[in-house]
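Peer 1: Chain residues, written in single-letter form:
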Amino acid sequence: MNLHYHVDGDAFIAAGEASSQVKKVLKQLGIAPHTIRKIAISMYEAEMNMVLHANGGDIHVEITPHKICITLKDEGPGIPDLELAMQEGYSTASQEIRELGFGAGMGLPNMKKYSDELSIRSEVGKGTEVEIIAWLP
Amino acid sequence: MTVQKIMDALQLTLVAGEKGLKKAITTGYVGDLLSSVMAHAQEGCVWLTIQGHLNIVAVASLVNISCIIVIQGATIQPDTIEKANEEHIPIFSTEYSAYEMVKKLVDIGVY
Ligand SMILES: Nc1ncnc2c1ncn2[C@@H]1O[C@H](COP(=O)(O)OP(=O)(O)O)[C@@H](O)[C@H]1O
Ligand SMILES: [Mg+2]
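Residue numbers (the working numbering), protein chains in the order written: chain A, 4 to 140; chain B, 47 to 157.
I should point out that these hints are in silico values taken from the structure, not numbers from a laboratory.
Among the hints, a few may not be true.
Each computed EDC-like pair below joins lysine to aspartate or glutamate, with the alpha-carbon atoms no more than 16 Å apart [unchecked claim]: (1) A/Lys-41 - B/Glu-89; (2) A/Lys-27 - B/Glu-132; (3) A/Lys-70 - A/Asp-11; (4) B/Lys-65 - B/Glu-133; (5) A/Lys-30 - B/Glu-133; (6) A/Lys-27 - B/Glu-146; (7) B/Lys-69 - B/Glu-89.
Fair warning: this is a prediction, and the values are worked out from it, not measured in the lab.
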């Protein structure tokens, strides 16, 4: 099964819609709650990053009997130093965004922790592609 | 323990999500940083926060938080209410601080 979502970059308060939809689909498919939780957390963080830091983008979800693969692609500014960005607490979010509870610098660490495989390709000035994989038992 | 029981015992003001009142409550979580809540709030918990914007409903529904108490009279946006009604996530408003609310919750047996 393949799912596609386009995510706008202008309404971060409303973001998380694609993750909510995917969660509902996974529930209908009878995927284990523990797996759904992992995917919900990592996909939400990736979706929020796309909205907060890259003005939105596109999400592709592939579900097979063996794995769930989520690819998030944006044409934002890219991440200059990925190793630094992966550190807990590192964030370039504005004060205004932080006051709303976003921008704690825990998104990438959460994605790493809650996905079975995480790969990030980013090029400054071009964009970022995030791939999250959860293996199914 | 259920959301309804907490509402009745603490005389909380329900602002949204009436259809979720039968949900069970396992424990509680306090936090305003959404990433932290995502990672640490347990399933079925009551979540205390000062955030009243729409994204709290997304967070709650993604990790199966049973209900939200917005503390210290913080503003709850109209679109938050609308979404919570759709998702059946009860939201309460209180003038109390998180600390005061936790004490009350513990008193009625939410550990
Ligand atoms: N898709 C993206 N495009 C550009 N920059 C990004 C993207 N995702 C993450 N970043 C950068 O990495 C930093 C850390 O991300 P994250 O751990 O999610 O923390 P936060 O989103 O809270 O800032 C961000 O502040 C931002 O600078
Ligand atoms: Mg983030």
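Peer 1: Hint by hint, work out which the structure violates, then give me just those numbers in ascending order.
Peer 2: The structure breaks hints 3 and 6; every other hint is satisfied.
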